[in-house]
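Enquirer: Residues per chain, in single letters:
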Amino acid sequence: MDSKSEQDKSEQNKSERLALLIDLERCTGCKSCEAACKTEHRLGPGEYRNKVVWASALEEAGLAFLTLTCQHCERPACLRACPVNPKAIAKDPLTGIVRVDESRCTGCGECVIACPYSAMGYDAKGHHAVKCDLCVDRRAEGEATTACASVCPTQAIRFGNRAELLADAEKSGRLPRDQDHFLLGPATIYLERTKPETISTATAVTPARAHPQQSRRPSFMDGLAAQAKVLDQPPAFPYGETREDTAPDRVVPGGCNICFNCCTVKFHFKNNNLVKITGNDEDPLLKGRVCPKSQLTLQMYHSEHRLLYPQKRIGARGAGRFERISWNQALDEIADKLKVIRDQYGAEALAMFIGTRTGILDYRATTKMFAQMFGTPNKDGTDPFCASGKNVAFEITLGNIGSGNSYTEHDLGSAELYVYIGDNQAETRPVYFGMINDWRIKNGAKMVAVDPRLTATASKADRWLPIRPGTDMALGLAIAQHILANNLHDAAYCAEWVLGFEQWREFILQKNYTPEWAATATGIVAEEIKRLAEEIAAADGCVIFASRGVNQHTNSTQTNRVLMFVAAITGNWGRRGGAFFNMSAGTPIAAKVPEHRTPRINKPRVRRSPAGWTDAMLHGKPYPIRALISCNNPLAQWPGQDQARAAFSALDLMVHIELFANETSAYADYLLPAASGIEKGEIGRSNDDRRIVWIDKMIDPPGEAKSDTWIWIELGKRFGFDDVLKDKYKDPAVFWDEVCSDSDGLRGCTQKRLHSVPYRWVRQPVATEDAPEIETLYLEGTTVPGGTPGRRFPTKSGKLEFWTEELETKFNTLGMSALPEFYSEREQLVDLPYMELLETDAEAGVISPFCSPATGSARGRIVSPGPDHPGAKLRAQGFDTELVTGRPPAAHFHSWTHYFWQSQEMWPDLYCQIHPDKAAALGIKDGERVCVESAHGKIEAMAWVHAGIRPTAVFIPIGWGERQPYNPWRSVNFLTDKTQRDPVSDQTNLKVLLCRVSRAPA
Amino acid sequence: MQKQDFPDARLLQLTVAAVVAIVLWFVIRGALPEMWRTPGSPALYFTGVAGVLLLLVPVAFVLAKRGGHSTNPVGWFNAHIVCSLAGMVLIAIHSGGFLRRPPALLLLALLALAVLGVWARVRGSRRMSATFASKAPAFQVPDAATRERLRALIIEKRRLLAELDPRATEGTFSVNLPHFIRQPRLALAYRKLAREESLLLGSRSAVSAQQAWWRPLHMALAWLFVLGVVIHVVTVTFFAGYVADGGPITWWHLKAW
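So the protein sequences, as listed, match chains A and B.
Heads up: the first sequence at position 401 corresponds to 440 in the working numbering, and the numbers run straight through without jumps.
Heads up: the second sequence at position 160 corresponds to 995 in the working numbering, and the numbers run straight through without jumps.
Be careful, since some hints might not be right.
[Stated by the list, open to error] The calculated label-pair distances, taken between Cβ atoms and stated as ranges, are:
1. B:ASP843 with A:GLY357: 33 to 39 Å
2. B:SER1043 with A:GLU860: 57 to 63 Å
3. B:GLY902 with A:CYS970: 56 to 62 Å
4. B:ASP843 with A:ILE353: 33 to 39 Å
5. B:SER1043 with A:GLU180: 37 to 43 Å
6. B:ASP843 with A:HIS449: 33 to 39 Å
7. B:PRO1051 with A:ARG178: 35 to 41 Å
8. A:ASP271 with B:GLY932: 38 to 44 Å
9. A:ARG968 with B:VAL858: 40 to 46 Å
[What the hints assert, rightly or not] Sample of chain B residues at the chain A side, in silico, Cβ under 8 Å:
10. LEU1012
11. ALA1044
12. THR1072
[Claimed, not checked] Heads up, incomplete: computed chain A residues facing chain B, CB under 10 Å, no partners named:
13. PRO84
14. LYS130
15. LEU133
16. THR134
17. ARG143
18. CYS147
19. ASP261
20. ARG356
Since the hints were derived computationally from the structure, they do not count as laboratory data.
All C-beta atoms in this analysis are idealised placements derived from N, C-alpha and C, irrespective of residue type, glycine included.
With the sequences and hints as input, model every part of the structure.
Expert: Right under this line is the structure:
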């Protein structure tokens, strides 16, 4: 064939060419595509058909990602390098798909070496090449698209006819990147990022859009030593199995039970064996998009690390030596010991720490009922570490938790401006962010991110404001001041729907919280604050997202209130496309124990925060806590780990109910194996837009593991609670219909209704089974569900409440005012007012007016910094860096994902994000081990040199622990301090502590 | 459907077994009858012949893999491992324990081949899988001159291919054994262009030296071994007197020069 006819044939075939389109403007690097690919093709550790790479350099404040996968070149270098004859790699002349015939591949690796895109994978155990074939087998079974495209939370990956994909891109004004540098004719299309706006101020940064020519991944991520730990532990079923052996014969819809995005999924079974978890493509909202975690729960259900039977401690506390016992023995002995403790110290000597790992039914129902009948007020969960500040703020301002808006095109999709403050939604709720980002791109909406870090979220924003951690309140106050001082607010809305508006307005103006004032505190120039204020006020629909970055502070409640007030005065509350969001709306489960079955509780809860219980455990003050039942991992999670460990060592009884053995397990007297998700049946977590997602029980738990509900009911029997905690409630469907949904908001959310839709969710509130779901709550002219006609908001007044005399009295009880006055944190690099608690946890304090049941609280006082205040002293000792802690990337969530091999493969080591300037000054290179020390402890981590962080700060994620099976590290909470808490919500400051960083000794 | 080659554990077991057999033979050699200690004795002669025959299997693997007629290259690959290891044991025995003479270099080459092969399979494989998404130049734009040279190379390759294999398409073609046999000059010329293109792509230099060069080294050692065997056979067959160095010639030979 001559070259002309070859070209003609090539042109003709181009029209049939299939390809992936990868949009850099959408990709957030969540690695959901990697998870989907490995699940679909059952690829083990080290085997890749696709992988997320960083399309930005370390030295610039940019964070761009792209999924690297086979380019299906017209002239495939891999194919030509294959020495086998006939070749083990073939190219389909019509579709252009390049495939490996594994039966002919001898594993020489020449194709891997030859591919200039490094898009050829290799199975190190099976010794053969592995590559993307655009899911030929999957599509042959009737699926319309590839596995990676089907799950992508941000719709960054599309599959289809190459010419059509290009035409679509052109139609929407998007440019494909030219990456045919080697004249290989790659088919994969990468869309360039959109052009950024021009930034004129000094502190606002336009995230660099993408520089794939400098692409690299953080060094620690691919460290051979860390990866070897995963490679050396063969993955459990179904990875490595054949397609035939894992072809599902049954698919059941349900939900993911890990995080707050609460994705709907489908569970695929073969012979009742779970073989795959995918997104639910029948969900009209999420449309099959899921983050990696949802898919990786497959590795939880088949994990070899799961706890399988009850165990009793036989060694010293912390040594982790146990013997196997029966459930009867475990529960009998625990009950006997609890009775002794109750008789000796009173019922309140039992504390219960119930994390959301247990599932919402147990978190809000069974454990609550058990505690009420037992008579202990000392029960709480992770809220005081994550969300109690925003919960209190919502309750007192709105009368309910959650904004009332929904992730729909007509609601949040119609906003003109999205402002993220301390909310890395792209990594914490990836699918929700994918929707927001999609609307941003389609509608040309603006996005601004306020965060000490250039997060994956901020990387998509038009502007990133690298704020000093702990000063969001100053920013909010200044935005409010600028709006009010310039009459940019919605005066009619404020007059009609805001109670206490005038008092607050007067306060703000009198305090002179100007943008110039806030500039010093926040590190953001006044012009930028004014600009943001004006944009919020002018936008026809602005959504302010806040999250843990705002919540995990001693000013948590007040900062949330200030940001709520900003949303309200600009009319962005009770409208479509306008809202203040702070993650999950509460799930209104109202499990009730009959009054006659509730003993009188004589003492208030020691503190709302479980971290405030340690003095009661250690010193018996203000009264003794002698037993703890923990359903989570406090010894990685609680701030102030040294004290927590000492406190646990001092207990008479400690019971740990968990999926995997962890740090806390080692301190337990009894270790009880728990079930999760489809092993027990439950609802998904509380999520942003009020969806109740039902998960059926589909499989039996491993070994002798039991659902938390089963454990509490069985333990309850030993105390005679079975008339309330009935045996039949072990069936979660019965428990839901008879107990949990017995509230105004959930009464219509029955099992029948949940099972009537193929996506298994209903958006609450729904008062009756046939009541329609409400897309946007609190719209003008509507009445709040269950309220008297005309009552728009669920507060007593029916208005948003900024200030009332009652509120003022409540705040005064804690030494504060209902009018939020600025304060920041004790440990700062600059002198800022901070909160000082007047009572320690060992003192009774006052009864908090913001808690139920009655709860002790310290009073607070805002202190103006002086030369000998704690922050100044620490600075003098060389603690010269702001430590920010927070959620790791999307593949991880607290402890449990650290037992999933692929989460570890994606993000193996504990890391410390550090700015290149600081790293250079300290002689630290990317991927080196560093030592981080605060006034409260010391840990080590791997350096991730990244310009997308304030030069004065470092970031270390939560979730790692020292007893994890793959890459154990000491928890970052060895560096945090339990005494820095919000008097109103008892929320701990986890977002700014002073520390110092150095290279770890070799 | 993938056809499994030996897993790492099996490969290591086979290698260890071969090494143990060799060591064992060296340990007990002194206690064995004289014929097992005399170079060229009929026992050691036939052991050597058997060893060489086994070591021809890897050569056959090379031909089968490239010849265009094998339906099971992975099976041939497995056979090359087993036969190489077994052949290595027999060659070690054939040496009679005389390791200070030039033919012992062949045994050394065999050991080096085995070590390299095992390393590549057990350790090198990990590097191979870690290569995915690791090449820095993946999205780098080469300079205009390089791109122009690539364009010219492709045109030149297409021109040559029209003569070398008119039915083939340049984008998916590479020269193989039948081409070298049928049209060696054209095949070599095409191969040269392909190599130049590969150099311009820089893909081999983008991986570690061990990963890039273990296989060329393995093949070079193998061919050196084959050459050594040929020299050894010719020498003992035609120059038996020189080899015997005044001693008795106990092996079959044609000339005692």
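Enquirer: Decide, hint by hint, whether the structure agrees.
Expert: Against the structure, the hints come out as follows:
1. The supplied range of 33 to 39 Å is met by ASP843 of chain B and GLY357 of chain A, whose beta-carbon atoms lie about 37 Å from each other.
2. Hint check: SER1043 of chain B to GLU860 of chain A, Cβ distance near 60 Å, so the stated range 57 to 63 Å holds.
3. Roughly 60 Å separates the CB atoms of GLY902 of chain B and CYS970 of chain A, a value that falls within the hinted 56 to 62 Å.
4. Evaluation of the 33 to 39 Å hint for ASP843 of chain B and ILE353 of chain A yields a pass: the beta carbon distance comes to about 38 Å.
5. The given range of 37 to 43 Å is respected by SER1043 of chain B and GLU180 of chain A, whose C-beta atoms sit roughly 39 Å from each other.
6. A hinted range of 33 to 39 Å is violated for the C-beta pair ASP843 of chain B and HIS449 of chain A, which are about 57 Å apart.
7. The supplied range of 35 to 41 Å is met by PRO1051 of chain B and ARG178 of chain A, whose beta-carbon atoms lie about 39 Å from each other.
8. At about 39 Å, the CB distance of ASP271 of chain A to GLY932 of chain B agrees with the hint of 38 to 44 Å.
9. At about 41 Å, the CB distance of ARG968 of chain A to VAL858 of chain B agrees with the hint of 40 to 46 Å.
10. Hint status for LEU1012 of chain B: holds, given a least beta-carbon distance of 7 Å to chain A, under 8 Å.
11. The interface hint given for ALA1044 of chain B is violated, since its Cβ lies 12 Å from the closest Cβ of chain A, which is over the 8 Å cut-off.
12. Using the Cβ-Cβ criterion of 8 Å, the hint placing THR1072 of chain B at the interface with chain A is not satisfied: the shortest such distance is roughly 34 Å.
13. With 10 Å as the threshold, the beta carbon of PRO84 of chain A comes within range of chain B, its nearest partner Cβ sitting at about 9 Å, so the hint holds.
14. At about 5 Å, the closest approach between the beta carbon of LYS130 of chain A and any beta carbon in chain B falls short of 10 Å, and the interface hint on this residue holds.
15. Hint status for LEU133 of chain A relative to chain B: violated, with the closest Cβ pair at about 14 Å, above 10 Å.
16. With a least beta-carbon distance of about 14 Å to chain B, the hint placing THR134 of chain A at the interface is violated under the 10 Å criterion.
17. The interface hint given for ARG143 of chain A is met, as the beta carbon of that residue sits about 5 Å from the closest beta carbon of chain B, less than 10 Å.
18. Residue-level restraint check for CYS147 of chain A holds (minimum Cβ-Cβ distance to chain B is 6 Å; threshold 10 Å).
19. Checking ASP261 of chain A against chain B: minimum C-beta separation of about 7 Å stays under 10 Å; hint holds.
20. Hint status for ARG356 of chain A relative to chain B: violated, with the closest Cβ pair at about 40 Å, above 10 Å.
Of the numbered hints given earlier, the model fails hints 6, 11, 12, 15, 16 and 20; all others are met.
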